[in-house]
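Novice: Chain by chain, the residues run as shown.
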Amino acid sequence: MAKKRMVMVIDVKRCLGCHTCAVACKSGNYLPNKVWWNRILTVGGKDMDTPEGVFPNLKMGFLPISCQHCENPACVKACPVGATYKREDGVVMQDYDRCIGCQYCIAACPYTEVRQFNVSEPEYYLPITKDKIGASAQQKGTVSKCIFCFTRLDDGKVPNCMELCPGRARYFGDLNDPASEVAKLLQSRQYNQLLVEKGTKPSVYYLT
Amino acid sequence: MSNPTVIQPNIKKKQNLRNITWTVILCLVIVAGIVAWGYLTFKGTTVTNLNNINPWGVDIASFMLFMSISAGALIIASLPGVMNITRYQSYAKIPAFIGLAASIGAGAAIFMHLGRPERFWHMIVYLRLGSPMSWDSLVIALLLIISAIFLNKLIKFDQGKTSKDTIKKLSYCALFVGLLEGGSSFTYSLQASHTFWNSPAQPVAFIITAIIAGTALLTVVLLLLKSRNYLTVDDKLSEALAKITGVSLITELIFVISEIITGAYPGTIGGLADNSALFTGAALPYFRTELVVVVAAIVIFLTPSVRRNSMMLSIGGVLAIIGVFLNKLTMLVVAFSAVNITNPGAPTGPLAITGSYVPNIGKGYFPSLVECTLVLSIVALVILLLLLGFKYLPLQNKETV
Amino acid sequence: MDIKHKKYPEENCLTRRSFLKAAGATTVAVGMTLTNPWLGLGSAVAQKNDPSDSAETLVKSFCRMGCSNSCFLNLHIKDGNIIRTSMASLPDERYNRICLRGLSHAQRIYHPDRLKYPMKRVGERGSGKWERISWDEAMNTIIPKFKKVREKYGKAALAITSGYGNNANLSGIYGIYRLQNSLEATYVFDDADAAGEFGYAKPLGFGKDYIQGNEFSDCVNAKTYLCWGANPAVAFIQAWHFIREMQDNGGKLIVIDPNFTVSAAKADQWIPIRAGSDAALANGMSHVIIKENLHNKEYLLKYTVAPFLVRADTKVFLRQSDLTGVKSSENDPYVVWDSKSNKADVLTKVDHPALEGSFTVNGIKVSTAFQLLKELLADYSPEAVAKLTDINPEVITDLAYQYALNTPSSIFSGWGFNQYDNGTILPHAISVLAALTGNIAKKGASIGHWWNYSYNLNTEGFSTPTGKTGPMIDILNLPDIMESGNYAGKPYPLKAMFLASGNYLYNSSDTNQLKKALDKLDLFVVADYCMTDTTHYADIILPAAFWFEVEEIMDFGTNPFVMYAKGVIDPLYDSKSDTDIFRLLAKGLGVGEIYPDHDSELVKELIDSDQCKKMGITFERLEKEQAVLGTPLGFIQYEGNHFPTKSGRLEFYVEDTSPRVDWGQTFNKDDYHLPKFIPPKEAWPESSAAKKYPLSVYNGKTNFMVHGEYYYTPWLREIDPEPTVRLNPIDAAARGIKTQDYVEVFNDRGRVVVKSILSEAIRPGMLWLSKGFQHWQFKEGFGINDLTDTYSNPYHCNASFFDVMVEIRKK
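Chains as they are written, first to last, in our numbering: chain X, 1 to 208; chain H, 209 to 609; chain L, 610 to 1420.
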């Protein structure tokens, strides 16, 4: 059987910038305060939710961004202790128990702020939300990031962020399976990838 | 050389008092650093001005400075042996010792930077040789080990217990390890994420800054030791060191200018962003100071009438070291300010600016009090090590003993 | 540096701590509460063994917030706590829905600042000084006082009222109606969004309900889709994907909005319009349609009042009795002009009625309704409209062509325009567009919006269990009623108020006037589950249970499913469900019999409706399935062109222009027969207010709030931490304002200080002021309604939240 390559496809035309997926990620992974693995950026002006151009000739879009699970991940190559590594199916993982907190991966990753450093003992507004995914694994002084909700993948589910996108903009699947929705979409539609010039070969595709 | 000087008892008493005062001050700074480190460890990096955009700050800049000093000093220490300048062989102990002290400083800086310092041993058991950070760690380990062995053998050589041949072999070894500092630059230059770093010339630039830092500190130390009648320094030696420093500073300046031109001319997004960070953005205060300091140091080192004044030469040395530190800090601040994805969104991490939609991007970086204290304490540690070394190790020249 | 999660005023916090001591909590508990207030939710939580020991179970419930999307939820229960919420699948997956707010409910339920026990005010009103009391003490204070007020001043002197805090039926507005009507108490209507509904109801008919549009999923069939005064990409994110599918199907989305909203960014065409001039644009389109002969004459004659003859003297339709002189009792048939025989006759007898023309019948001068419309529209040439709307005449003409020819076309109008004093005119003008082109009552053609106010349930019977009803007054009139003691020319002493699920001081116009009015109450009791601007001003606060702690049924908004859920956890702390609070009040005030012992009985009473029977909704099914279809999918409003008007036709000529609420006000009723454009009261270049204050301000809805809800949800505050004002860089530059400055927004009525954000999306001359934050979250000032006016339009009687002029300056 061919090796899997799990990818995410996001139709930016459908993205409303509503931040639902950002909060779904935060909730589903029980992320500590101020850690956002998945964020919605505005493609437009200098502030969030502002357009580019001059009234009334304006343009505004949104860019959901999280770890790009690169095929050639700069972070994996940078990590001196192998705390960040790639799974068989292409998911770039983060081993919080091994991470020494040098933050070299943050320096190496070209995708701004997708890797986040747990500056202090993780704090939760709601301590009851601690769970085996994320929360208990989150550790002070280590780096964390989107892990494509790998435990959910292992259970045959999709990542939290795409369980319900109100705009129905997200797709997830195995790109190496030509019958998958993602493979078909990438064949039929034009897409962008972020910072391809950095050579990372990201696994998040943005339909344009 | 000159005759040994008879030290007047009252002068000696005064010097002792001064030494004790300095030692106490340095110890206090180190204690402040330990307290700051404890605070940092307890509170996490919330007490620094570092964040997910600027993960590295003065801690890494000071690590890079001490690496430079250590490597540069070791290179200088190797020269009498390698180039067969017997006249200065006895002086080699001083830079070798500086190299040792600075490598300890560098180690302390990187240790203090780690989010999980207690997992330092992971660097041994889980070491991934593919990571430039691992190479960097190996270089620092080699600098520490080789400078210690080299120093030991140099002292023994003075005492006639080691052969000239061994010294020669070790000198080559020291030169090699010193030049490995160039490889240390791969930590930065191999990261395509930051255009400002991503240049094949970085190893050369690193060796140049190492030579500047090494010779500059050596000059300052020699002048101080000379003024304290610890040893004698002939004018030729200080002239030679000053020329090396001066020429290296010019080379560094050429690198800096070349970086700016390379960034600007093709008009690539990354290059322009780097230049904008340098000239208008977050790095401007550091970059401006770096330029002033480097130019001033060049003037001092390369103007014969000025450099013959010991005071001016010492100032030049200090300026050159500050210049190297700022060069390293600028390198970090520029790279981290010129972010690849500048779109606004919800901020993350400790510096998530509350009351604002604007993330950390473009906010620049200024070290917090805790960070400054930590850096100063490492500087103090290195100075204290030097003081103790000159007091308790047989580092004086044969002739002066 | 910790997220600046602003707390309530300090006094309240102190009270909370002193309570813990007073309540004899162990030192451990106190210490725990102080170090991490979130742990205060119950010692069980923190002291359990390893939380991963026990499994997580899923229970279904639903979201009840005022956004109308009504999401079906999974509650993740662990160790008896709701640790998070997620989307639950509905029988039709297209309706699956959840948003960032729905995902953060756990943070609301267990927030340390939730109201935990009854409290009475011990300082001045609004001083924030409270003392814990028991439920007995609370009821022993409230009941005698309410009784006394009822005895001394009459039953209407007590107000039992609510706001928009809960869309479910037992605890929400119908639950309140049940108590209020049974006690014949006053209900204070929180006038908002009434202008638009009223504007549609006049030409389309009140019918059973206020729904004008087809069920939302029908929009995929439209070829031209106008979003008018609506930003569904933010306000209706759950329904948005239908609009996107319409675009995928080749339909064209046109957004008409003064500002560049997310919907505008996603549209095929954005038409930036001067705020408050919308009706002029609609009239301009109608002008073009008639001028270019694009109107559907057959439709006009068959399904609208176009051929009806309007008397020039009385402005009403000519009837048979006007011909015969004999007043017929019930159905006095309408009269039209027979174009064949050139005489007037009753509608049913004429095969070819005249569409246009003015005639004299029995000495009475008459014109066809269409003739009058045409005469009115003569003034709305694209050039004339361009001056009012600031839109290029070619764009107006093109828009009219698209609407009339690229069909079916729909107009989805939201609530933006109805926040202006002329808000009732646009719906009327849109009805004219639909009448002219026949773009209504069929697939892909609809106007207004589809918004279900529990129409599938027996709300009428539920609201009046004893057959008695209480009076209703409007909150805009409250300051005057309290000041003068009179309403509609008669004495109206209002002395005590019980408010549940409402936040008047946040949601209603002119906070300062409203505070003065509330100050005159002898007793002001508020039930809520968190501190709000209004509970802060109460005399007694009753802690209500949160949604997931009570049994509920809901049939609301843009979700066609009737949903039911049992209480999943017990009411936290010393809180009680709204229904239990109503029970206590009903019992104390002598109508205890309206509340059966079990809430399930109330649910059964609600589903005892024709529609529920038709859709097969039974209590057993609700218990089992929890979400059962109540409105048929793809439902077409007015299908077959049956309009619930007096004539059964689309009455674009409004015969009866009586006001929505009559309190004896006078105004020119003739202004409202046809959609004559009237400029907004304040937010218009020529208004008197504009001379002093040059900028108009409107409340900006974000995804991080719903009205005043979610203001304290920490995750949402991480993204959107404090109130902001967005303004165009031109206006900012003129005042030396930069992004992130603190600025003061002010007018004669009040002021607020907020942070500025420069945005080209905002039309020059306008300000966007973020909605939802409570007064202690503002740097200075009380809130956005410090700036608004209690002026009530005499025709539609609605708050004009956007019809406000202000100035802004750097703080």
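Some hints here could point you the wrong way.
[To be verified] Result set (DSSO-like, lysine-lysine): computed pairs, CA atoms no more than 30 Å apart in a straight line: (1) L:832 x X:59; (2) X:3 x X:140; (3) L:1185 x X:46; (4) H:372 x H:599; (5) X:59 x L:1364; (6) X:13 x L:911; (7) L:738 x L:1290; (8) L:924 x L:911; (9) L:1185 x X:184.
FYI, nobody ran anything at the bench for these hints, they're computed from the structure.
Computed from a predicted model, the values in this text were never measured in an experiment.
Novice: Measure nothing beyond the straight line between the CA atoms of residue 372 of chain H and residue 599 of chain H; if it is 30 Å or shorter, mark the hint as holding.
Specialist: Holds, at about 26 Å.
Novice: Verify the proposed pairing of residue 1185 of chain L with residue 46 of chain X, using a straight-line Cα cut of 30 Å.
Specialist: 47 Å, violated
Novice: Hint check: residue 1185 of chain L vs residue 184 of chain X, CA-CA at most 30 Å. Holds or violated?
Specialist: Violated, because 54 Å separates the two Cα atoms, which is more than 30 Å.
Novice: Next pair to validate is residue 3 of chain X with residue 140 of chain X; report whether the Cα-Cα distance is within 30 Å.
Specialist: 34 Å, violated
Novice: Hint check: residue 59 of chain X vs residue 1364 of chain L, CA-CA at most 30 Å. Holds or violated?
Specialist: 24 Å, holds
Novice: Mind checking the alpha carbons of residue 924 of chain L and residue 911 of chain L for me, to see if they're no more than 30 Å apart?
Specialist: 22 Å, holds
Novice: With the threshold set at 30 Å, check whether the alpha-carbon distance from residue 832 of chain L to residue 59 of chain X stays at or below it.
Specialist: 24 Å, holds
Novice: With the threshold set at 30 Å, check whether the alpha-carbon distance from residue 13 of chain X to residue 911 of chain L stays at or below it.
Specialist: Between residue 13 of chain X and residue 911 of chain L the Cα gap is close to 42 Å, so the pair fails against 30 Å, i.e. violated.
Novice: Check the hint pairing residue 738 of chain L with residue 1290 of chain L against an upper bound of 30 Å on the C-alpha distance.
Specialist: Not satisfied, since the Cα-Cα distance of roughly 40 Å exceeds 30 Å.
This entry does not satisfy hints 2, 3, 6, 7 and 9, going by the numbered hints stated previously.
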